[in-house]
Amino acid sequence: MDKSIKTFALRASVLAALCAAGASQAATIVIQSRDPAGVGFNDTTPVAPVGGNPGTTLGEQRMYVYRYVADIWEKQLASDVTITVNAGWEPLTCTASSATLGSAGAWNIWHDFPNGKPGTWYPQALANKLAGFNLSEGQPDDGSGFGNVDIKTQFNVNLGKTDCLDGSPFYLGLDGNAGTAVNFVETLLHELGHGLGFSVLTVYTGSVSGAVGYRLNSDGSAYQAVGGLPSVWEQYMYDNTLGKTWLDMTSAERKLSTTNALGLAWTGPQAVAGAAVTLTSLPVLKTATSAPGYAGYYAYNTASFGPSVATGLTLGSLAVVPSDAVNGAGCLAFDTATSAAVAGKVAIIDRGVCGFAVKAKNAQNAGAIGVVIANNQGGAAPGLGGSDPTVVIPTISVSQTDGATLKAAVAAAVPYGSRKAPGQVTASLAVDPSRRAGADALGRPLLYTPSTLASGSSVSHWDVSAFPNLLMEPNINSDLTTILVPPKDLTRPLLKDIGW
Amino acid sequence: MLNRTVSLTALVCAAALPLGASAAEGTLPVTEAAQDTLVVVRDAETGKLRAATNEERAALQSLRASKRAMATSAVAATPQLKRHGNGATGVRLTDDMTSYSVMVRRPDGSLEELCFPTRQEAEAAVAKGFTAKSELPTK
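Protein chains in written order, with our numbering: chain A, 1 to 500; chain B, 1001 to 1139.
Think of the hints as simulated: they come from the structure by calculation, not from any bench. One or more of the hints may lead you astray.
[To be verified] Okay, derived cross-link-like pairs now, DSBU-like style, lysine-lysine, Cα gap no bigger than 35 Å in a straight line:
| hint | chain 1 | residue 1 | chain 2 | residue 2 |
| --- | --- | --- | --- | --- |
| 1 | A | 286 | A | 244 |
| 2 | A | 407 | B | 1139 |
| 3 | A | 255 | A | 496 |
| 4 | B | 1128 | A | 161 |
| 5 | A | 255 | B | 1128 |
[To be verified] Okay, the calculated beta carbon distance ranges per label pair:
| hint | chain 1 | residue 1 | chain 2 | residue 2 | range |
| --- | --- | --- | --- | --- | --- |
| 6 | A | 377 | B | 1085 | 50 to 58 Å |
| 7 | A | 467 | B | 1110 | 14 to 22 Å |
| 8 | A | 75 | B | 1110 | 30 to 38 Å |
| 9 | A | 180 | B | 1085 | 47 to 55 Å |
| 10 | A | 269 | B | 1109 | 39 to 47 Å |
| 11 | A | 411 | B | 1109 | 42 to 50 Å |
| 12 | B | 1109 | A | 56 | 30 to 38 Å |
| 13 | B | 1108 | A | 67 | 29 to 37 Å |
| 14 | B | 1109 | A | 252 | 40 to 48 Å |
| 15 | B | 1110 | A | 138 | 44 to 52 Å |
| 16 | B | 1087 | A | 162 | 50 to 58 Å |
| 17 | A | 25 | B | 1085 | 21 to 29 Å |
| 18 | B | 1085 | A | 281 | 47 to 55 Å |
All C-beta atoms in this analysis are idealised placements derived from N, C-alpha and C, irrespective of residue type, glycine included.
Let the sequences and hints guide you as you build the complete structure.
Okay, here's the thing in structure tokens:
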């Protein structure tokens, strides 16, 4: 058979097989500008090509980045229905030192369409892919001219100007060399991810505390404490404390779950499999001792004072600073006995009464070479705020439970030595090979559920403990790439879990 | 194929109650979730969200002035219901239901970018800055 005929026949058979299996072709994303003449994409201000962006006007460069990012997403998604992204450059809120960069989100959502889970909200781009046609086709426009699009975006047209994060405009290069500017590629890549479906979307997680956890009702007019329809996300949002998915929770339970730090996992099989080959081993405080049962791994947090710490650091032998119900453990200059106990060792000190930095300085003055602050309340190891430039020994924190275990280990180790050299517990910063940074004990990637002390409160991101940094963490980190799949990233696996 | 679009304005107006009352009774109209009366800020000392003071509210409203000039804001303020002939139900959302990226320059000159799930939280962050590590608990 002629080679070209064989090739044609092979392609035809593959195409037929794909069609029979309901396979979709690579997605097509159309960028639709709503900017008026002379503004945004139509800004004719001359600029020099930068970082691989060949545009010679500001408007051209802006559109080039949009197209560049859309091309990245097209390669990651499959759909027979064109995805339309409406885009505009507008004046958004600013101060001299802060600015809203922009926003993006699904502009239409659907439930009870062909091939979707019944009674479940989906973003339109995904709903269209599953249905096989554009659900908004033929719907009257809302008067805006873009009421039926899949994703609406807007970015700050004033960024970098006076009183709008002065001097830090969007960097429109493609090479990541943003310097003191704002990397527009990563920002847009992230925000389009939300618009395509990386968002719980229809469960309220905003600033009206009483309504957090409410679901959007079936006609989209209100968030409801009881009833409402679940988001397609909820089936895979498993709270390890409550022992159930958001799908099976009350709104009050969902509210609790939004601030259950390190307690909410994503159980979708694609993302879980991806996490196993993407996330690195979990950094931990590792202890070694001859006392049976006391060697182990403990999650830790870091301090804003003293030297920075990292995996591989040998801390030393642990010693316990006595509790002090009146003055607080470690809050006063150490007495002779305590000084003798901690000299040349790492002092375990209970949190409470005085500042973390005060405790660290007192330990340092007594000859300690490091400090472990044991929390005095439930929850995870706290971040240690405070400042004292004279503290030069490393300080970390552990949870209350782990602090109690460490103190018990120190006591238990004593008999495993001699009278002149009692048994000890040595500590170092290492990794737990059985755990992943940013995943729960079963290796399921964690969603961002900060305690009330942290900025933001969105479950629609990966947790910030993930390492390497992921595109869909709430912080847009400077070391991100444009790769959206394992072993670099977990964005596409999550989207595949929900039906992409 | 039957396509039908229904404005929710009347529905929402009929349900418009003071926020505290409506949330307490188990319903938060989508339009109320974005009202100016719902201004909250993150307290610099406690790190918790709280109602804005009059001064903070004034500052935020000033920040919002430029946005009000946006030609599309009136169109997008209310969700719009869609019915498809095959039984599917859709809603065109509003700007208050999309994700927002905010950048803050720290006193040391470094930049930090954070993504927020609502416009209210993003605007509060612009006005107040993020919770810096120095604002972590100190004792």
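Next on the checklist: Hint by hint, where does the structure go against what was stated? Just the numbers, ascending.
Outcome noted: Violated hints: none; all satisfied.
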